[in-house]
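K.L.:
Chains as they are written, first to last, in this note's numbering: chain F, 1 to 271; chain W, 1001 to 1291; chain G, 2001 to 2275.
Quick caveat, the hints were computed from the structure, so don't treat them as lab data. Note that the structure is predicted; figures quoted are calculated from it, not measured. A portion of the hints provided could be inaccurate.
What the hints assert, rightly or not - Reference excerpt, derived from the structure (chain G facing chain F, CB under 7 Å, subset only): (1) F2095; (2) T2098; (3) F2105.
Backbone N, C-alpha and C fix where the C-beta goes; we use that ideal spot for every residue, glycine too.
Letter by letter, the chains look like this.
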Amino acid sequence: MSAVLEMLETAKKQSPVHAVDPRAKSLWLFFLIIVPIVTTNQWILGTITLFILLLAPVAGIGRKLYRLLLTTYPVLVGFIMLTWPFFYKGGTRVLLDWAFIHVTVEGVIYAFAMGLRIVMAVTACTFFVMTTDIMELASAVGESCQNRFGWSFTWPLMIISSFKFLPELMGDFITIEQSFLSRGAVIRGHGVVHWLKSVVPLFIPLIDSTLRRAQNIATALQLKAFGANKKRTFFVERHMGARDYLFILSGAAALAFAIYARIAGFGHAIL
Amino acid sequence: MKEVYNMPVIEVRELSFTYRNGKAPAVSDISFSVDRGEFVGIIGPTGAGKTTLCRCLTGVVPHIYSGKLSGEVTVNGLDVKVASIAELAQSVGFVQQDAESQLLMTDIEKEVVFPLENLGIPRGEMRRRLEYVLELVRLTPYRKRHPFYLSGGQKQRVVLASALAMNPDVLILDEATSELDPVGAEEVLSVVAEINRQGKTVILIEHNMEELAQYADRIIVLDRGRLVADAPSRDVLSDIALLSGLQIYPPQVTQVAINLARAGIQIDRIPITIEEARSTFEEVAGRGLRG
Amino acid sequence: MSEPIIRVQGLWHVYMPMEQLALKDVNLEIYPGEFIALVGQNGSGKTTLVKHFNGLLKPTRGAVIVNGKDTRNASVSELASTVGYVFQNPDHQIFAETVREEVSFGPKNLGFDSNRIKETTERVLAQVGLSEYIDEMPFTLGRGQRQRLAVASVLSMEPSVLIIDEPTTGLDWGESVRMMELVRTLNEKGHTIIMTTHNMAIVALYAKRVCVLRLGEKILDGPTSCVFKEVEKLKTAFVSPPQLFRLSDLMQAHEFDDCTVDGVTRYFLRLLKGE
């Protein structure tokens, strides 16, 4: 819960990167996510990852991002680095050859490149989440959809509100759990089956309080004139500017180069 | 001294309402009117119909909670049976008990402009109103904060700000402070008093008689759906016979003064606030010391 | 003097992971049969403190000894038979289909035999005045009744200490009095009562001892009428005593020995009539 809240707060910071239109940033992310699907070239993947890492201090999230990634990288990459070499059949420079186990230098490099794919994707996603207010994104996409297609703002609103209510529901759940514990209920530490059986009653008050909330929300929405005007206005002014296009372009360029590399024949891990 | 205009902003005539699944009417045969600029308190025990009455004044009844409604309710010239809740919201702001579930956005700023966006108000005007109401409820420094990090009093002031942004003439608070600690309650009520001084009409449902004595010009008493009293605050709060039947107790100083008056001591004006009590009792004591 | 049933020694509590300091070196002894109110603003640490009494929270530093047992070495369910905790919002605990089932949930968890469960369930329901609703659905009860049901479902575990968090929030005066009369009866029967509340009128009427917290520190602790006379000090904790205590502070020339409505009335009558 506190991790989600902290992420939300980080996304509200002010910086040149945070100021980029959320739609531009999501396009950028979309392009960058395809790159590691198209290519396994460790130099391309490495360069893009490095680029994002260097951009982090500009966005004022350097320390936070590095600290988070330092705890994520080893788990992700470690698993891949440890398993992939055993499945890599080719390669000439043999490191270990015992029974069915056959590990080569090429295999290790290949594993490293596979790891980099994940690392790049994770880095790009984390960077995006830390610099983009999801609410802003939902609002911006909702605005575009209203202006282009005349769609209502209901879906974006639901996304935004869920980020408002999620921490509160978690808080409710903790209180409910504590009230059950106080009545001698034993919930944890006796296996999954016991846990499932003892946790079910907790959902009854939780559902009750959620329904109560839902009723209040419905009233609040109407009191706040939601849906009163087909053409709602938006408080935040959004114009795609040079910086926004530059962002989209940089993502597109990275993807274009990755596709070119694949066609030109150096899209694979270079051994 | 604030101005109260002889111009009814709310008119209720022979209002009765029964909820769709209700057996008995929640309110029955209620008539009163409220003038522009008045500060009216509504009191009564649980089940007296206070909340239902507020819902009728804001259009929440009959538009969200349906049932059998008879009689007339007009707010700022709008008939609540005909006007939509959104239309009414621009005339009456409604603040309810549970602050948390009246907030929908992830920061204060978004919450305050949300109704304005929905009404299609131009950006410049939105910005102007946002700055004004944030200043009014004293939350400008916290504008980017997630509601999760706000205290109860702050949350309720955000609800208030969001209602005030639509620039209503009337503000209705339904036990808006009953879940707050005294500091939180005071934060909310002092803002409400300020809004009233600026000429807005306020209707306040409140359990705390000391707070009501301090702010309300007039008090309406409900019991089991009926209006049983409607008079200036001092008259209602000194009517022990009426209140004790409803298990409502006037401020302690008022009780003391009434006891003294019953014991034959002359008290010209029954005090209802602590400041009034101080001067009344000092005057009374002075008599004693002289005699 | 008897042994304290709850002893708090140099208690500090820090909430992780945000590292908020919630309690700062709190020392407190609560004796069997006391009726104590913990007061202070939201965020002053009242709830954090009481959650240590039944082991829901463990000390960051210092110790809490309940009935001779260090809470660090005891689980919440072990402590439940000594310390009952009634949460503020009854709707956060009510889950059963009948009132009977709700009340017998606690004793079942504690492993009481079925005869004893039946007997205690019926006894505590009679105590809180809900006998006639024993087979009803809890959700059909009114707010005040649900509050008393919450008390019953904790009482059924036969704890000697009852913690009651904000017993009168959301209740009107009539319902509040009904609730508090129940609590007073329980106290007279020997239960130790620890309540947190913002309602000072309720404190003045029912609690024998008041403990005031400010930003996690205990700043006042003593008999109710003494604590409420410290108007200035209470102000720093944003606690406002009942109106007549404040009036007494305003009218320095007069010395009310009893700051109740009857007490102050008598004072002025004496003054005027020389009685």
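K.L.:
Evaluate each hint against the coordinates.
P.N.:
Each hint, compared with the structure:
1. About 4 Å separates the beta-carbon of F2095 of chain G from the nearest beta-carbon of chain F, less than 7 Å, and the hint is met.
2. The interface hint given for T2098 of chain G is violated, since its Cβ lies 13 Å from the closest Cβ of chain F, which is over the 7 Å cut-off.
3. Taking 7 Å as the C-beta cut-off, the interface hint given for F2105 of chain G holds, the closest approach to chain F being about 6 Å.
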